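Engineer: Each chain, written out:
2 protein chains.
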Amino acid sequence: MEHSFIAWAKQRVSKLSQPEVGIGDDAAVLRASNRSRVVTTDSLCEGSHFLLAECGPRAVGRKLAGVNLSDLAAMAATPTDLFVSACLTKLPRRTKNSEPMMPATGGASNSKASLLPETTATGSSDGELSPSQVAVEIFEGIVEYAEKYGVSISGGDTNLWDGPLVVSMTAIGEAPEGGCWLRSGAKPGDHVVVTGELGGSILGRHLNVEPRIELAMLLRKEFLVHEATDISDGLGVDLLSLFTASRCGAEIELGKIPISDAARKLAMSSGRMAVDHALGDGEDFELLLAIPDSEMQRLPQELAGVRLTSIGRFVSRTGLWQRDGGKVRQLAPKGYVHGTSS
Amino acid sequence: MEHSFIAWAKQRVSKLSQPEVGIGDDAAVLRASNRSRVVTTDSLCEGSHFLLAECGPRAVGRKLAGVNLSDLAAMAATPTDLFVSACLTKLPRRTKNSEPMMPATGGASNSKASLLPETTATGSSDGELSPSQVAVEIFEGIVEYAEKYGVSISGGDTNLWDGPLVVSMTAIGEAPEGGCWLRSGAKPGDHVVVTGELGGSILGRHLNVEPRIELAMLLRKEFLVHEATDISDGLGVDLLSLFTASRCGAEIELGKIPISDAARKLAMSSGRMAVDHALGDGEDFELLLAIPDSEMQRLPQELAGVRLTSIGRFVSRTGLWQRDGGKVRQLAPKGYVHGTSS
Numbered sequence: 001m002e003h004s005f006i007a008w009a010k011q012r013v014s015k016l017s018q019p020e021v022g023i024g025d026d027a028a029v030l031r032a033s034n035r036s037r038v039v040t041t042d043s044l045c046e047g048s049h050f051l052l053a054e055c056g057p058r059a060v061g062r063k064l065a066g067v068n069l070s071d072l073a074a075m076a077a078t079p080t081d082l083f084v085s086a087c088l089t090k091l092p093r094r095t096k097n098s099e100p101m102m103p104a105t106g107g108a109s110n111s112k113a114s115l116l117p118e119t120t121a122t123g124s125s126d127g128e129l130s131p132s133q134v135a136v137e138i139f140e141g142i143v144e145y146a147e148k149y150g151v152s153i154s155g156g157d158t159n160l161w162d163g164p165l166v167v168s169m170t171a172i173g174e175a176p177e178g179g180c181w182l183r184s185g186a187k188p189g190d191h192v193v194v195t196g197e198l199g200g201s202i203l204g205r206h207l208n209v210e211p212r213i214e215l216a217m218l219l220r221k222e223f224l225v226h227e228a229t230d231i232s233d234g235l236g237v238d239l240l241s242l243f244t245a246s247r248c249g250a251e252i253e254l255g256k257i258p259i260s261d262a263a264r265k266l267a268m269s270s271g272r273m274a275v276d277h278a279l280g281d282g283e284d285f286e287l288l289l290a291i292p293d294s295e296m297q298r299l300p301q302e303l304a305g306v307r308l309t310s311i312g313r314f315v316s317r318t319g320l321w322q323r324d325g326g327k328v329r330q331l332a333p334k335g336y337v338h339g340t341s342s
Numbered sequence: 001m002e003h004s005f006i007a008w009a010k011q012r013v014s015k016l017s018q019p020e021v022g023i024g025d026d027a028a029v030l031r032a033s034n035r036s037r038v039v040t041t042d043s044l045c046e047g048s049h050f051l052l053a054e055c056g057p058r059a060v061g062r063k064l065a066g067v068n069l070s071d072l073a074a075m076a077a078t079p080t081d082l083f084v085s086a087c088l089t090k091l092p093r094r095t096k097n098s099e100p101m102m103p104a105t106g107g108a109s110n111s112k113a114s115l116l117p118e119t120t121a122t123g124s125s126d127g128e129l130s131p132s133q134v135a136v137e138i139f140e141g142i143v144e145y146a147e148k149y150g151v152s153i154s155g156g157d158t159n160l161w162d163g164p165l166v167v168s169m170t171a172i173g174e175a176p177e178g179g180c181w182l183r184s185g186a187k188p189g190d191h192v193v194v195t196g197e198l199g200g201s202i203l204g205r206h207l208n209v210e211p212r213i214e215l216a217m218l219l220r221k222e223f224l225v226h227e228a229t230d231i232s233d234g235l236g237v238d239l240l241s242l243f244t245a246s247r248c249g250a251e252i253e254l255g256k257i258p259i260s261d262a263a264r265k266l267a268m269s270s271g272r273m274a275v276d277h278a279l280g281d282g283e284d285f286e287l288l289l290a291i292p293d294s295e296m297q298r299l300p301q302e303l304a305g306v307r308l309t310s311i312g313r314f315v316s317r318t319g320l321w322q323r324d325g326g327k328v329r330q331l332a333p334k335g336y337v338h339g340t341s342s
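These protein sequence lines map, in sequence, to chains F and A. Numbering of the first sequence is given in our numbering, commencing with residue 1 and proceeding in unit increments. Numbering of the second sequence is given in our numbering, commencing with residue 1 and proceeding in unit increments.
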């Protein structure tokens with residue numbers, strides 16, 4: 001299937017931003033730039049990061065793009081190019097396919113029909129998708145993000161095998177003027193700031209990742225941020241890795257953590273507190289930032305439509321601490337590095 | 001395992017060439033360069049591209065690096081950075097491990113022992129490797145190539161799951177002065193030139209890929225090459241994709257194809273001719289070049305220790321043709337896009 005898929009993909013990306021040389025050669029060529037390049041790579045495995053039968057392949061493509069772009073946002077980089085690699089199960093897959101495969105009109109579906117005849121040949125009405133159809137749907141999910149963030153899909157690789165679905169992406173961006181946000185710059189006294197609301201991503205947000213690209217670029221331009229990471233393993237665990245890199249600790253106030261509706265909903269059935277979900281669930285893909293006190297005065301409560309909340313301070317004493325009125329006690333990070341991932 | 005593995009990997013690569021920001025942050029930062037960046041990505045799936053139980057994980061790392069670097073060689077790019085992603089089976093794997101896990105001396109093994117205690121905790125003497133051990137061995141295979149070609153290992157991702165082993169790599173390089181070799185530049189009259197000897201890679205060479213990096217850089221600097229690709233699907237198939245991009249055809253003389261000893265050996269048991277193996281086997285990872293007649297006069301028969309052979313000419317008539325004395329007849333490409341891959 002690779003040759004017909006490449007031909008289709010090449011046509012499908014022709015309206016997106018274009019690299020110097022894109023899909024179809026031995027490698028892609030990205031235009032020279034005087035900025036440093038920022039590069040991240042992340043894979044998603046069926047059964048660990050998604051359930052194909054439940055979410056459908058387009059959601060897999062969206063999530064893949066979302067989590068990789070989230071890493072670039074955490075560096076304050078401007079994304080430019082995506083590279084995709086898919087290991088597709090050889091046999092047809094029975095799966096939900098929320099999007100119509102063959103809309104009545106539109107250039108994309110026409111090119112699908114002409115270049116990937118097998119897409120129509122093997123019936124998909126009963127929810128069975130051929131490897132080509134799975135590949136097309138994953139790609140369409142990625143295209144949604146590429147269009148939204150003005151990024152090229154510049155290359156990739158497809159393989160057929162006997163195993164479940166595995167997708168990998170490498171996302172490339174340009175460093176902002178003055179350099180990226182790194183993990184090692186937090187200073188005692190800096191505010192611990194989180195974007196959005198946390199917890200309960202398993203109820204759906206983990207498949208609809210909103211990478212904080214626009215917010216990060218605004219923050220990088222207008223405010224001094226000492227360091228950043230994105231919340232993928234859970235606030236507690238990611239905070240720990242952040243202040244460990246900076247050789248300090250953090251004191252947070254649990255009452256200040258912005259809790260998502262999903263975390264509250266989950267708490268009703270999980271037997272855990274909503275704040276525990278916010279602290280530990282992971283896959284929030286919000287940003288966790290160290291912002292100096294002087295900047296906090298002028299930081300708005302919301303930027304690019306996203307809430308910004310100070311939940312505590314970085315402190316010179318190492319470890320994660322909970323401040324409750326006058327009392328301070330140690331807090332277990334509790335981040336559940338989610339069941340099956342690393 | 002991810003945090004201890006990252007700590008180990010960070011130390012392991014400290015003697016390699018270094019990017020501006022490497023392993024351990026949300027993304028890597030590559031130094032600004034005035035050259036265009038060349039980027040390729042390729043995945044390998046257990047059961048399709050390797051048999052873990054037979055070859056061991058270090059060979060998987062070597063092959064992963066080899067095939068990705070081969071794509072950069074086909075662009076005449078200078079490799080700079082490798083990014084690796086691995087989806088590791090959760091349970092211990094019974095596999096050949098040709099290299100000793102714990103040599104008595106040496107910094108690398110010490111750091112292994114101190115940072116990855118589980119590497120020693122779960123016994124490996126009977127050929128069972130924990131996910132961490134598999135990850136370390138794959139990484140060591142990649143390090144071999146990184147050292148040989150002066151490349152950084154700049155980032156990656158590890159995941160545990162229930163499926164077989166999948167590894168992905170993105171290799172980044174810099175374009176040569178004057179630009180990369182593309183697939184669309186062959187002109188009728190150009191010689192069809194191949195490097196090395198072809199066929200029978202399944203007998204071992206497919207696991208010990210020698211990317212033609214040095215040769216490509218010498219050729220790019222000293223000779224005019226109209227286009228290039230690497231032979232991964234088989235000479236016939238790759239030749240077809242090469243001249244299709246250039247809208248021409250090729251006439252080759254079967255008797256001139258350099259046949260490897262492995263192809264001859266395989267022919268003794270396969271019932272096929274050695275030349276068929278050379279034409280169709282794939283995974284040779286040699287280069288296929290279009291070189292103008294004027295350059296052929298001064299092209300040596302060997303460069304950087306690698307044989308260079310003209311096996312025919314590009315012609316204006318489309319299609320793949322076999323010239324045998326005065327007769328010309330059409331030739332089926334026969335490249336077997338190998339059984340289980342795309």
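It cannot be assumed that every hint is accurate.
To be verified - To give an idea of the interface, some chain F residues facing chain A are shown, with a C-beta separation under 10 Å as derived from the structure:
#1 25
#2 78
#3 144
#4 180
#5 226
#6 253
#7 254
To be verified - A few chain F positions that, by computed beta-carbon distances, are all more than 12 Å from chain A:
#8 15
#9 41
#10 148
#11 150
#12 175
#13 233
#14 244
#15 294
Stated by the list, open to error - When the alpha-carbon atoms are kept at most 27 Å apart in a straight line, the in silico BS3-like pairs for lysine-lysine are as follows:
#16 96/F to 265/F
#17 187/A to 90/F
#18 187/A to 10/F
Simulated from the structure, these hints should not be mistaken for lab results. Here the structure is a predicted model, which means the values were calculated and not measured. Using N, Cα and C, we set each Cβ at its ideal position, and we do this for glycine too.
Engineer: Indicate, hint by hint, whether the structure satisfies it.
Structural biologist: A quick look at each hint next to the structure:
no., hint, in the structure
1, 25, "holds, 5 Å"
2, 78, "violated, 12 Å"
3, 144, "violated, 20 Å"
4, 180, "holds, 6 Å"
5, 226, "violated, 14 Å"
6, 253, "violated, 26 Å"
7, 254, "violated, 24 Å"
8, 15, "holds, 21 Å"
9, 41, "violated, 5 Å"
10, 148, "holds, 19 Å"
11, 150, "holds, 18 Å"
12, 175, "violated, 6 Å"
13, 233, "violated, 9 Å"
14, 244, "violated, 10 Å"
15, 294, "holds, 25 Å"
16, 96/F to 265/F, "holds, 25 Å"
17, 187/A to 90/F, "violated, 38 Å"
18, 187/A to 10/F, "holds, 24 Å"
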